[in-house]
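Here the protein sequences line up with chains F and D, keeping their order. For the first sequence, this note's numbering begins at 23 and goes up steadily by one. For the second sequence, this note's numbering begins at 23 and goes up steadily by one.
Derived by calculation from the structure, the hints in this document are not laboratory data. Where hints are given, some of them may not hold.
Identical copies look the same in the list; a pair holds intra-copy or inter-copy alike.
[To be verified] DSSO-like, lysine-lysine: derived pairs with alpha carbons at most 27 Å apart:
no., residue 1, residue 2
1, Lys113, Lys65
2, Lys24, Lys310
3, Lys95, Lys307
4, Lys409, Lys123
5, Lys53, Lys95
6, Lys272, Lys24
7, Lys90, Lys409
All of these numbers come straight from a predicted model, not from anything done at the bench.
Protein chains: 2
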Amino acid sequence: MKRTYVKESVYCIGETILLKGWVHRVRHLGKISFMQLKDRTGKIQCVLEGELTGVHVSVESAVEVQGKVVETKQQGLGVELLVHSLTVLNKAQMLPFETNKEELTVNLDTLLNNRVLSMRNEKIQAIFSIKAKVVSLMQEFLMREDFHQIFTPKIVAQGAEGGANVFTFDYFGQSAYLAQSPQFYKQMMVIAGFERVFEIAPVFRAEQHNSSRHLNEYTSVDVELGFIESFLDVMKVEEKLLNYVFQGLKEHCEQELSLFTTELPEVGIIPSMTLAEAHKLLVTKFNKQSPDGDLDNEGERLLGEYVKESMNSDFVFITHYQKESRPMYTMPNPDNSAITDSFDLLYKGAEITSGGQRIHDYDMLIQSFTEKGLQPADFSSYTEAFKYGAPPHGGFAIGLERFIVKLLNLSNVREAAEFPRDIDRLVP
Amino acid sequence: MKRTYVKESVYCIGETILLKGWVHRVRHLGKISFMQLKDRTGKIQCVLEGELTGVHVSVESAVEVQGKVVETKQQGLGVELLVHSLTVLNKAQMLPFETNKEELTVNLDTLLNNRVLSMRNEKIQAIFSIKAKVVSLMQEFLMREDFHQIFTPKIVAQGAEGGANVFTFDYFGQSAYLAQSPQFYKQMMVIAGFERVFEIAPVFRAEQHNSSRHLNEYTSVDVELGFIESFLDVMKVEEKLLNYVFQGLKEHCEQELSLFTTELPEVGIIPSMTLAEAHKLLVTKFNKQSPDGDLDNEGERLLGEYVKESMNSDFVFITHYQKESRPMYTMPNPDNSAITDSFDLLYKGAEITSGGQRIHDYDMLIQSFTEKGLQPADFSSYTEAFKYGAPPHGGFAIGLERFIVKLLNLSNVREAAEFPRDIDRLVP
Numbered sequence: 023m024k025r026t027y028v029k030e031s032v033y034c035i036g037e038t039i040l041l042k043g044w045v046h047r048v049r050h051l052g053k054i055s056f057m058q059l060k061d062r063t064g065k066i067q068c069v070l071e072g073e074l075t076g077v078h079v080s081v082e083s084a085v086e087v088q089g090k091v092v093e094t095k096q097q098g099l100g101v102e103l104l105v106h107s108l109t110v111l112n113k114a115q116m117l118p119f120e121t122n123k124e125e126l127t128v129n130l131d132t133l134l135n136n137r138v139l140s141m142r143n144e145k146i147q148a149i150f151s152i153k154a155k156v157v158s159l160m161q162e163f164l165m166r167e168d169f170h171q172i173f174t175p176k177i178v179a180q181g182a183e184g185g186a187n188v189f190t191f192d193y194f195g196q197s198a199y200l201a202q203s204p205q206f207y208k209q210m211m212v213i214a215g216f217e218r219v220f221e222i223a224p225v226f227r228a229e230q231h232n233s234s235r236h237l238n239e240y241t242s243v244d245v246e247l248g249f250i251e252s253f254l255d256v257m258k259v260e261e262k263l264l265n266y267v268f269q270g271l272k273e274h275c276e277q278e279l280s281l282f283t284t285e286l287p288e289v290g291i292i293p294s295m296t297l298a299e300a301h302k303l304l305v306t307k308f309n310k311q312s313p314d315g316d317l318d319n320e321g322e323r324l325l326g327e328y329v330k331e332s333m334n335s336d337f338v339f340i341t342h343y344q345k346e347s348r349p350m351y352t353m354p355n356p357d358n359s360a361i362t363d364s365f366d367l368l369y370k371g372a373e374i375t376s377g378g379q380r381i382h383d384y385d386m387l388i389q390s391f392t393e394k395g396l397q398p399a400d401f402s403s404y405t406e407a408f409k410y411g412a413p414p415h416g417g418f419a420i421g422l423e424r425f426i427v428k429l430l431n432l433s434n435v436r437e438a439a440e441f442p443r444d445i446d447r448l449v450p
Numbered sequence: 023m024k025r026t027y028v029k030e031s032v033y034c035i036g037e038t039i040l041l042k043g044w045v046h047r048v049r050h051l052g053k054i055s056f057m058q059l060k061d062r063t064g065k066i067q068c069v070l071e072g073e074l075t076g077v078h079v080s081v082e083s084a085v086e087v088q089g090k091v092v093e094t095k096q097q098g099l100g101v102e103l104l105v106h107s108l109t110v111l112n113k114a115q116m117l118p119f120e121t122n123k124e125e126l127t128v129n130l131d132t133l134l135n136n137r138v139l140s141m142r143n144e145k146i147q148a149i150f151s152i153k154a155k156v157v158s159l160m161q162e163f164l165m166r167e168d169f170h171q172i173f174t175p176k177i178v179a180q181g182a183e184g185g186a187n188v189f190t191f192d193y194f195g196q197s198a199y200l201a202q203s204p205q206f207y208k209q210m211m212v213i214a215g216f217e218r219v220f221e222i223a224p225v226f227r228a229e230q231h232n233s234s235r236h237l238n239e240y241t242s243v244d245v246e247l248g249f250i251e252s253f254l255d256v257m258k259v260e261e262k263l264l265n266y267v268f269q270g271l272k273e274h275c276e277q278e279l280s281l282f283t284t285e286l287p288e289v290g291i292i293p294s295m296t297l298a299e300a301h302k303l304l305v306t307k308f309n310k311q312s313p314d315g316d317l318d319n320e321g322e323r324l325l326g327e328y329v330k331e332s333m334n335s336d337f338v339f340i341t342h343y344q345k346e347s348r349p350m351y352t353m354p355n356p357d358n359s360a361i362t363d364s365f366d367l368l369y370k371g372a373e374i375t376s377g378g379q380r381i382h383d384y385d386m387l388i389q390s391f392t393e394k395g396l397q398p399a400d401f402s403s404y405t406e407a408f409k410y411g412a413p414p415h416g417g418f419a420i421g422l423e424r425f426i427v428k429l430l431n432l433s434n435v436r437e438a439a440e441f442p443r444d445i446d447r448l449v450p
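Bound conformation, chain F alone (with noise of 0.2 Å):
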């Protein structure tokens, strides 16, 4: 008999099938035990008599069973299987711990030590079947805007966003890098004439501080454009994706989504300041200094509180940072050049997006690189590609897992990541 799933049970009622899935809960009352069943489309109540009632079945055990699907007002569901026969596939061991509850009693780390089990709870399932969502809506989206997806190497020669927070490996005799961002290769692509491209795919950072927003493994969606005028056209590509994502979220996640606190806006247009107004103000309204060239998570915070009292935004562009807080590829303002053609997204008071115009001149580029210390040299397969007509571009980067925690409230960015990679975690 072929597989039929929960949620199209309520089209079979009067007919014979077969589920499959996990035991979720059982409960036996004298004559009679009822047996919730998962799948990934939904619950079932499956009801036990007869030789069945009393039936030993440890929740999370897989089973299929065949049963009589009839009609009951006592269901959310509005059906319920009256079950012939039931056969374990693989009986479950003790749990560590409960899954079927609305929220797990566990901390984080044996939540995490315990990943597969603890992701058989709805809620914490939830989170990757939005994030699963969010990512197909952004490449939904990316395609639709005739963005070209790339495949570019992890395994480099050079860390393109400068500083030590590099993994090293030895490659055959030679020193290698994990990539910190795609960033050198997706200026590359666009300039080999694909103009406009994306790759959602892992960067890596060596990065010491374990703290809740940050991974040493996280998922990158890059996107580059080139002949752009400035950037604002970056910032305006970024911000009809979000509308796009929010708008497709309302559209397909709404079960998943009331599991959680968030509300989802109307993105609209997305308001933005430079950082020396957005320093201004935290000086007016909040009596808070900021370092130089740049926010620190208070201020981010304090910023992302401001836009939702005065303009009811979850997002907020900064624009203009400082050259000296930027890598060696940002183009500088053309009017003030200590300043740049850059910018970040706040979303919900936390950074999620840096961005902006990239040098696109040869000659600039490699004073650029000369002036952050860098020798051109150790880059000139990156360089040499600015020889051969590279036009105007720029683009962005989210990090997926910060952008699905500030989507759902989560409160540690290890939650959003499947199996997240900080300092002191290499398992599962």
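Given the coordinates of chain F, assemble chain D onto it according to the supplied hints.
Here is chain D on its own, set in the frame of chain F:
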């Protein structure tokens, strides 16, 4: 003025438009000059007269031109542009080789050393347009079939495929590896309740051989599904996937495909034979001996020829590989424990997929690790998942670049990687 793309220019006859792109070719004929301009959507002839005649603009420079669209019968596109103004956005220096030929006449090393420039060539660009389309068709198919997109770690504590071909590095004082495959993690996500999952992501193999078939980093299309009846269910999914991809390519990539010698067959039902049958056939038809429990390259090539000639198929499944030639997670055949419920898929005589049913019983899995000489305790974060109701499951992986090589009849897998990695190549 808003940018118009070349392919849209045919709808703008009589209008003044702004085009942006790269100089493909320039010809000066006395009082008139012709410049071919290309953008990612096509090529158009630009006519330069008056002051603009004889303008110095090097091939592959990034330019923008304004002009009037006029009809012409002399150009394939049906229109050309009478240029009013031309702006060089970024001048190309002297090229190391000519990019505007049908086929580049440089060796593979030069082509890869100058990857950005070689991609400006129409045929090379088409490889990556087709690659992107193949991936988006796969994503589309898998999402329609309710497969859940996952993001699993590439930094791992153990190799999943056994053997010594792993890159190792120091991870905050621990030994870590680059993932050879997402095998363990995709199984764990199935078991975690997602049932049907896929991931399209980089994998890493520290293989020492420098062949035309191997990359040290490649893109793996990984698929895994739960509650299967047998490994035939897995093969069915791959067959449907390939039918969908080929149908989509016919509809969307005709122009790009026309640059290659490839012909797209109807995939239909893919023929299948056991490894034992394949061995026998190779002896009978080709007097060819095979290595124990496996096929060599020559054997695969001959089988490819055989199914093409006798069944007009580009594909053939080879099933039931012997236990010793498959990894520890492979399900033994229920009737003959010396062989496994596994398969490879050959495409034009080369392996592009390994797949099969996996062991889902905890005790059987531990025994299989032990039989392979592995310490189950080293893999406990994986095996632990099998204690809690792992359903019968299986899956497969397609090597994306190898698939593209066979699809387009390329001669080296490096041609299908944006920025390939081999034992000698770490840049660009």
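Checked hints:
no.	hint	in the structure
1	Lys113 with Lys65	within (19 Å within a copy, 63 Å between copies)
2	Lys24 with Lys310	neither (64 Å within a copy, 42 Å between copies)
3	Lys95 with Lys307	neither (56 Å within a copy, 67 Å between copies)
4	Lys409 with Lys123	between (60 Å within a copy, 20 Å between copies)
5	Lys53 with Lys95	within (21 Å within a copy, 86 Å between copies)
6	Lys272 with Lys24	neither (33 Å within a copy, 32 Å between copies)
7	Lys90 with Lys409	neither (71 Å within a copy, 30 Å between copies)
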